[in-house]
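Those protein sequence lines, which keep their order, are chains A and B.
All residue numbers for the first sequence refer to the working numbering, where the first residue is 1 and numbers rise by one.
All residue numbers for the second sequence refer to the working numbering, where the first residue is 488 and numbers rise by one.
FYI, nobody ran anything at the bench for these hints, they're computed from the structure.
Please note: incorrect hints may appear among the correct ones.
Unchecked claim - Listed below are the simulated SDA-like cross-link pairs for lysine to any residue, each with C-alpha atoms no more than 20 Å apart in a straight line:
#	chain 1	residue 1	chain 2	residue 2
1	B	K976	A	L348
2	B	K1331	A	I335
3	B	K1064	A	Q24
4	B	K903	A	R337
5	A	K473	B	E1281
6	B	K1347	A	Y487
7	B	K979	A	Y283
8	B	K1164	A	I255
9	A	K473	B	D1175
10	B	K1024	A	L23
11	A	K36	B	Y1168
12	B	K762	B	K1423
13	A	K473	B	N1502
14	A	K473	B	S1505
15	B	K903	A	I335
16	B	K979	A	S291
17	B	K1024	A	D20
18	B	K1164	A	G272
19	B	K903	A	V328
20	B	K1423	B	Y1486
21	A	K473	B	N1352
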Amino acid sequence: MKNIKIILISSLILILHSCDLNLQPISEIGEGSFYKTTDEMSAAVIACYNGLQRPMQNEWMLTELRSDNSRLYNLTTTSTDNTLLFDFDQASVSATNQRVFEYWEAVYHNIARCNTVLNEEYLNVIKEEGLRNQFEGEARFIRAYHYFNLVRLFGPVFIVSERISAQEARNYDRSPIEDVYEFIIADLKSAIDKLPSVYAADQKGRATSWAAKSLLAKVYMTLGKIDSETLGLLEDIYQHSGHALLPDYSDVFDISNEVNNEIIFAIRYQSGGIGLGSPFGNYFAPQLSGSSVINADGHGYNYPSMNLVVSYEEGDARKDVTLAENYVNERGQTIDRMYVKKYLSPVLSRYDGDKDWPVLRFSDIILLYAEVLNELEGPSMALPYLNEVRERANIPALKIEDFPNTHSMRMALEKERRVELAYENHRWFDLIRTNRVLVVLNTHFIEEAYYSQLPDGVQPMTESSIILPIPQKEIDVNQHITQNPGY
Amino acid sequence: MKVKVTEKLILLLTVFLSLNILPALSQGLVVKGIVTDNANTPLIGVNVSVTGSTVGTITDIEGAYTITVPNRQSTLRFSYIGFMSTDIPVEGRAVINVIMEENVQDLGELVVIGYGVQKKSHLTGSISQFSDEHLGDLPVSRLDQALQGKIAGLEVRNTTSEAGFAPEIRVRGLGSISASNEPLIVVDGYPMSDGLSAVDMNDVQSIEILKDAASTAIYGSRGANGVIIVTTKAGSITKPKYSVKAYSGVKTSYRLHDLMDANEYVDKLIDEKAKGGVGPSTSELAWKSIDNYTDWQKEGLRENAYINNLQFSLSGGSKSARYYISGSYLSDQGIMINSDYTKLNMRVKLDADLSEKVKVGVNLSPTYSKREAPSANFTDFYRTYSWLPVRHTAATSAITGEPIGSYAHGRHFNNKEYIDADGNVFVASPWGTGNNNPRSIIDNESRNRYDYRLNGSMYLDYHILDNLFFRTSNGFYVRYEDEDIYHKKNTKREGDPNYARYTNTLFIDLLSENTLNYSHSAGDHHFDLLAGYTANKVRVSNAGIQGTNFPTDYIETINAASEIAIEDDGRRTYTDKEEELLLSGLSRLTYNYQDKYLFSGSIRTDGSSKFGPENQWGWFPSLSAGWRASEEPFLKKIDKLNQLRLRASWGVTGNNSIPNYAAYDKLQSANYILGDKSTLYPGLANTDIVLGNRAISWEQTSETNLGFDLNAFNTRLNLSVDYYYSVTKSLLFRQPTLAITGYQQFWNNIGKVRNRGIEVELTSYNIRKKDFEWSTSFNFATNSNRLLQLGDGEERLLSYGERSEIYLAKVGAPSIQYFGYKTDGVWISQNEIDESNLQVLVGKTVRPGTLKVIDQDGNKIIDANDRVALGDPFPMFTWGMTNNINFKNIDLTFSFHGVHDVTILNGDAYYQESKKINRAFTENRYISEEYPGDGKTPHLSGGDGMQWELTDYVLEDASYIALGNLMLGYQFPKKNLKMIGLSNLRVYLTAQNLLYYWYGDYRGINPEARYTSGNYSSPLVDGYQRGSFPVQRTFSAGLEISF
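Please model the entire structure based on the sequences and the hints provided.
Here it is in structure tokens:
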């Protein structure tokens, strides 16, 4: 009997002593115990790049699909995807549209990652000044990039410049557009100072000071700041960045030639089942194409508009790289269905493509440079740069006689930007920057045959629908948030 | 165990009594005999006495007695706990064998409560007890399914008819909005999350449902959703008893969707066109020219599904050791193809008395189960048109050019030439989806899950004093789940790559419970005291491997994959581990005065690792009182009243069912590639959508329960009525946060929910004769749920389902309400639309035949402000009724149950295909102004008008009444059996869901079905149905043999 007692008592003591209620996560790290070394900060910065991918899932809907570049290919299936996309295509997006919320949330999520890196205390664990500056610059660049997209899409947005809790978020209000731009410019100026101009080959893809300058130039252009400062910035990039056009347009998007000299900044994707694959090959390939275009079928998203297809001049080398007008199915039949080809690369598994998504490309800069020159010094100064882009595309150079005035050059540049940068999510932003979106789209709704075939037709776009609604979910949480007019 | 202790006490007592009276016996007639129960088992320790005298004895281990009676006219009285006393005149006989009838309504009955037992007559909380000797005869594969409709306040809903899947169980409504609402399951004292699937029904002795907070507070932080205690059978002091049970059953579908075939539908369209309707499109005309009819619903279902069960048990024991050993095999087919469930169970229960003071026992229960699940939903079957064959026929091959006998898919028929009735050739695309036909999807993807469970525990009782004993009970529960999925090339669509997925979970639960029990009586005062502490540690390891791109589909294991994917289309290769620790201290004092005034108080403290470091400990007190009014002299006089007890209780319980580590923001990998060689660089970030909260803590429910129990008319009538009122506060709430934080939700303790209701349980022994017994049990429950508070002054929370349909949680209303547009039939004419002068800002163009949305605010504008609450998914009341009839050797049981005034949202209305071919959506539909149908059914919307799912048009009343179970048995006469060496032989037939009746406007085929995954796993999103499999009706025949 005594033995039993001893066993019992000792078992009690054993159990009581082996118990500590403060169990920490085993398979993850608690945030509180991280960001203590340079390596840990490096992982935090890498996470900011990683976070660039998620907003891209929806960004084409908010830009290309709303513009005149693409439309919905409406099959008779009743998928939720189609109903949500329908609204973008007709530029009448409701505040409850889930895709808008997803984009908004993904962007703010990555802003939170950037804000983590920009935490003073964390940054200071990096002893080496160069690296500390670089990390700070990278986070500022990415944050500015996100805010730039947000302000253009949603107008006045919330400026969140540090990690905030759920409770703190309730005290935030939307800031006027000017303040948002001020914030973006400050971030970019700081990034220009802090970022290196070039990286070692194995670090390529990180943001450089040239990327920051390019983005700043775009910010200025969007603000209508057509002046010597913007001109100087673009000229600097054009002459000193070391970036240049590749001789062949198709090489720019070749998966064996990523982060090439023409790419100033891109969002990178990598296939191989590592969770970093690009979904756009499958997204944009024709629906019901089986594996004839890409393995595991396509969704037929971002369906090219006829209007864009005919904008390509005869012999334009860019057309075949950008889109296809048909495909051959597994039985050798040619199916007349168009699709965006720019992001197509062979995949083994669905959504696991390889192609990077260019954000800032040298041809974009050249054409912006030409735009400023046209405004400040007239079409003749702009023409050589326009032709530089055209000649690379194997289409004839334009002559000065074609441009009687500044306006004609503006239109030529707009068109050139459209075909050169098609499906890189620039078209919408260009149209709102030049304040031409209503004219262009309402004409498009009439002229593009697809819209007149819709049973309900399409309503003309109004001024208020240029800016997207603040997602209803945000207003559901905090009813003091003001919605954009018209929603 | 406790039952045995009491029995022995009585036995000792009677021995003692008989010793006292022995000297009185001197002369007279000697009578001998054997006392058995009606199963012919000898009864040991039966009190045999001579009426009107002090002469008495007890039966021995063989059930035998010898007694000397004063004279031939004496009468013998046989009494035994649990049995009805009988008086038998001696009439000069020397041998009197007696079969005693069990007393089903024994007032000395014990009820299992948390960490102990209590006399049923002395209960102060609300506990329902359920035991049924034929429980194992029901042809269902899980214990919880057998409980449906049996207990007031326990709602069991078979949300899917798939074999082996857990039903949804709710005790007294919905108390939590982000944490789980599943009750705690305790099997033989061991809390087991999946206890009801692990226990074999034949092993069940009794089930207790602890409903009020006072009863569950002893389980502290896990008690808020109620506790279900399962007690398994144990051996008793008998010779070895062998029992074999077997049954076989066949299942069929109760009802299928009423679908039109392709020709019929096109004819309908042609007819509609003549009446001013839209008429068929070219693609629909093509349907008619495809010469094929396939009943797709039947392709997804088995004509007959079978269930087979075999169980064996062995029990017995001597004074020092008792044993119960059982094994069972079950194979259960679901009604749909590729749905199979196989289970092997074993249980070994040993109890031994090492000495007067020390008692030990072990309870071991290994189980193995395999579950195969279909890889396609039933939706995909009933939305497939009848013109599509499973495999190409000569006719469809001629159209499509696909080889005969190969799988036919909708896309094969696109852009093909068809010939109409007039012989004209036209090109059409009759179907737009790229997906393969559902039958081929099911055939080409296999999903098998294997579960291995081992529950082992042992206890040691040490009787320190007569009235003080210590028990330590230690055990483990190990569960290993292993799942294989193989997805062949081109399974879902052309070009779909093959992959294999292997996942496993190792769940290890260690439990130590140590309690001290003390009881003391002094005069009219009786005390029972319990104190103890427990420690429970859980460790879970998960792993998944994703292998892709197999060169061939012949080898389905991952060694043949050409790539192991870290992430592939959202499926990852990973391992992760979690730990949880729960430390508790508990105590309870039960006191009664004169067995009349009853009091009980308990307190438990729990420390859980799930919560923030500052808030890990919580206290859970309870108090309850009862008054056995019938013991008062003024009521005792009333003959008809056997017992009347009034009860009142109050307690606080908790809920900790949230994921581990919710207090922390966790970092997961967020890598990126850099460099011209695309090198992977490691990154880490909190990739979750939920922010941690260091202050996170318990959810607390305080509940008050008032009730009474009445037993009257010579124990013929038994009535229990309970009223409860519970408020859950500091709700564990995954509260939406502004996404500008970078996250969508965060864990918080905020909000309040109230549940209140009435429960009635009534049992009546209508006839109680020797050869004819008939009893009826009836239960009834109502529950009303209100959200009292939500967030920081927020009034409402909207949650969305898969079709953007909205579930509203609004303060002052039920926690879930459907939210959308109220409609008033359909627009009959353009004139009517124009005259209404409404400006419609939501939905697509309004046309005649589309739903007429009511302008709630009367501002002539239809917009989001016109959305209103449209109903809730909570039933107004539920009931169940069971009748037991025994007539000679025949027994008959039948149980009804019903769920009433329950509204569901029919997601099938979303599909164009359902709208086209399902008569529930097409009959009497609007065609034209002249033929408006019933004025309520909209025309087939090709995208005009208001989306159906956002309106009350898809809300349906899914109330139902089911004859859930019917059993007819025949017991062979004992006398005849004895000759062939059997002690019992019974054969029986059962029918499940013989009748299943729904009377509302429900358009589906299974009122109980609910979607529970994805968006619908949130407790605030409920009531949605889509793709449900049919209700199944089962017939079975079985056999029980004991020897």
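Checked hints:
1. B:K976 with A:L348: Roughly 12 Å between the alpha carbons, so the hint for K976 (chain B) and L348 (chain A) holds.
2. B:K1331 with A:I335: Cα-Cα ~32 Å, so violated.
3. B:K1064 with A:Q24: holds (11 Å)
4. B:K903 with A:R337: holds (16 Å)
5. A:K473 with B:E1281: This hinted pair holds, its Cα atoms lying about 13 Å apart.
6. B:K1347 with A:Y487: holds (18 Å)
7. B:K979 with A:Y283: holds (17 Å)
8. B:K1164 with A:I255: holds (11 Å)
9. A:K473 with B:D1175: holds (18 Å)
10. B:K1024 with A:L23: Holds: K1024 (chain B) and L23 (chain A) sit about 11 Å apart, inside 20 Å.
11. A:K36 with B:Y1168: holds (18 Å)
12. B:K762 with B:K1423: holds (18 Å)
13. A:K473 with B:N1502: Roughly 16 Å between the alpha carbons, so the hint for K473 (chain A) and N1502 (chain B) holds.
14. A:K473 with B:S1505: holds (17 Å)
15. B:K903 with A:I335: holds (12 Å)
16. B:K979 with A:S291: Holds, at roughly 12 Å.
17. B:K1024 with A:D20: holds (11 Å)
18. B:K1164 with A:G272: holds (14 Å)
19. B:K903 with A:V328: With Cα atoms ~16 Å apart, K903 (chain B) and V328 (chain A) stay inside 20 Å; holds.
20. B:K1423 with B:Y1486: holds (19 Å)
21. A:K473 with B:N1352: holds (15 Å)
Violation of the numbered hints given earlier is confined to hint 2; every other hint is satisfied by the structure.
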